[in-house]
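First residue of the sequence shown: 1, per my numbering; consecutive thereafter.
Simulated from the structure, these hints should not be mistaken for lab results.
For each residue, glycine too, the CB sits at the ideal point set by N, CA and C.
It is possible that part of the hints are untrue.
Quick list of the computed label-pair ranges, beta carbon to beta carbon [stated by the list, open to error]: (1) 76 to 163: 33 to 43 Å; (2) 393 to 278: 53 to 63 Å; (3) 238 to 76: 31 to 41 Å; (4) 76 to 253: 58 to 68 Å; (5) 41 to 88: 14 to 24 Å; (6) 100 to 288: 21 to 31 Å; (7) 181 to 66: 20 to 30 Å; (8) 88 to 251: 47 to 57 Å; (9) 82 to 325: 22 to 32 Å; (10) 253 to 387: 41 to 51 Å; (11) 240 to 199: 27 to 37 Å; (12) 325 to 164: 38 to 48 Å; (13) 238 to 74: 46 to 56 Å.
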Amino acid sequence: MSRQPDQRPIFGAGAVLNAIFSLALMAAGTGNARAYLDVTLCNSANVDLWDCFDLVSLYNATDGDNWTNNTNWGSPNVDSWHGVIVDGVSHRVIAIDLAFNGLDGEFPPAMYGLQQLEFLQLSVNGLYGELPAYLGDLSSLEFLQVGSNDLQGSLPSSLGNLSRLENLYLTGNRLSGSIPASFGNLTRLEVLDISSDGMYPSERLSGPLPDLSGLTRLRRINLERNELDGPLPAYLGQLPLLEELRLWHNHFSGAIPASLGNLGNLRVLDLAENDLTGALPASLGNLGALEELDLSVNDFTSTLPPTLGNLAQLRTLNIRGSVFNPQMNLTGPIPASFANLGQLEEMNLAFNRLSGALPACLGNLDNLQAMNLQGNELIGAIPEAFTALKLQTLYLGLNFLDADGSGQLITTPTIETWLNGIPDTENYIVGFGWIDTRDQRIMPNDPDTVFISGFESAISSACP
1 MSRQPDQRPI FGAGAVLNAI FSLALMAAGT GNARAYLDVT LCNSANVDLW DCFDLVSLYN
61 ATDGDNWTNN TNWGSPNVDS WHGVIVDGVS HRVIAIDLAF NGLDGEFPPA MYGLQQLEFL
121 QLSVNGLYGE LPAYLGDLSS LEFLQVGSND LQGSLPSSLG NLSRLENLYL TGNRLSGSIP
181 ASFGNLTRLE VLDISSDGMY PSERLSGPLP DLSGLTRLRR INLERNELDG PLPAYLGQLP
241 LLEELRLWHN HFSGAIPASL GNLGNLRVLD LAENDLTGAL PASLGNLGAL EELDLSVNDF
301 TSTLPPTLGN LAQLRTLNIR GSVFNPQMNL TGPIPASFAN LGQLEEMNLA FNRLSGALPA
361 CLGNLDNLQA MNLQGNELIG AIPEAFTALK LQTLYLGLNF LDADGSGQLI TTPTIETWLN
421 GIPDTENYIV GFGWIDTRDQ RIMPNDPDTV FISGFESAIS SACP
């Protein structure tokens, strides 16, 4: 139960201090050789008494004497303690920022007196144990970040009581169980990040997404590397301010909702490594602000929508298929409309069943640095326009492309090129390096220009 700011004990302060000091030592663990702050210092501190108690409890529970920075902790001027901000009028603690500070111990079991706390940042420390339910009683909290610790267990449903919360950042812990339905009450939330570090497969979030349709202020959702499942909710397309949707490496199934095409502010859409099926919705071409699209390693069975060529801000396009399930990959031609992706830097469409000729228009992609089209069913010649590409990496192997060994294709500057599967290219000199399709690599000595011998009759100027 939360303690309201105006509630105080009716017995003597000295007895209270002694009792709390004993409890603080018990909570911190007296079996080791740690030093502790004496809570009696709170009798002369310049902050609210209960706020001071909770700060001392935090210090003692997390080996404060060995923090990276514990400047002034223990002095009467609590507003000078490193990482603590005190409101000058109310004398209440409103912010604690001890990220990257070497805190080591169980998450403090008693900090429920900090009723005016707005900002709690304890990320990248050595905190362990479970997230305590009392956090849901800190009704003024707007910013809660305890990422990159070693916290375990389930998410307390009481966090859904934090009606002022704007930022919830719990990434890189060992949290498990489902996302509480009460999170749907966090109507001021702008950032929801509970991505896993991926190290403990049995300690990840699971189950379907709860109803978050009321969280219309959300700008960022990151739930990567968990075990979440079920269909992608259509309401995701009704979050008008959403800029990042990162759901990589889960078990979401079914089709991508067409409603995602409504997200006009979306910059990042990462749905890679799920169990998504069906067709890619043409509405994805409406995402005018999109810079990164990663739908790789799913089970799509459609063609590439030509509308993806409308994504004028796109820098990364990754719809790589799965080598383990080749019958559940994209088919059909590469749309010529992809030539309109003028900002594109990386294109990865490898290991699908794409067919037809390489569109010569792709040679107009002035910013393209990496192209991976290996492992498809592409046929015909390598377009002459590709000689203008400023690639660093080019993968074209395991297709049905033509070459006869009588000419040369120049790509500048190509650092690494895979051409395995193109006939008659074994052991041709490549600039000052070699093509050897047996090991599938070109390693030129001159990284600025690579001359690929054997392509004169294979060059085509057509643009399908």
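Quick rundown of the hints versus the structure:
| no. | hint | in the structure |
| --- | --- | --- |
| 1 | 76 to 163: 33 to 43 Å | holds (34 Å) |
| 2 | 393 to 278: 53 to 63 Å | violated (31 Å) |
| 3 | 238 to 76: 31 to 41 Å | violated (52 Å) |
| 4 | 76 to 253: 58 to 68 Å | holds (59 Å) |
| 5 | 41 to 88: 14 to 24 Å | holds (20 Å) |
| 6 | 100 to 288: 21 to 31 Å | violated (37 Å) |
| 7 | 181 to 66: 20 to 30 Å | violated (40 Å) |
| 8 | 88 to 251: 47 to 57 Å | holds (50 Å) |
| 9 | 82 to 325: 22 to 32 Å | violated (53 Å) |
| 10 | 253 to 387: 41 to 51 Å | holds (43 Å) |
| 11 | 240 to 199: 27 to 37 Å | holds (35 Å) |
| 12 | 325 to 164: 38 to 48 Å | holds (46 Å) |
| 13 | 238 to 74: 46 to 56 Å | holds (51 Å) |
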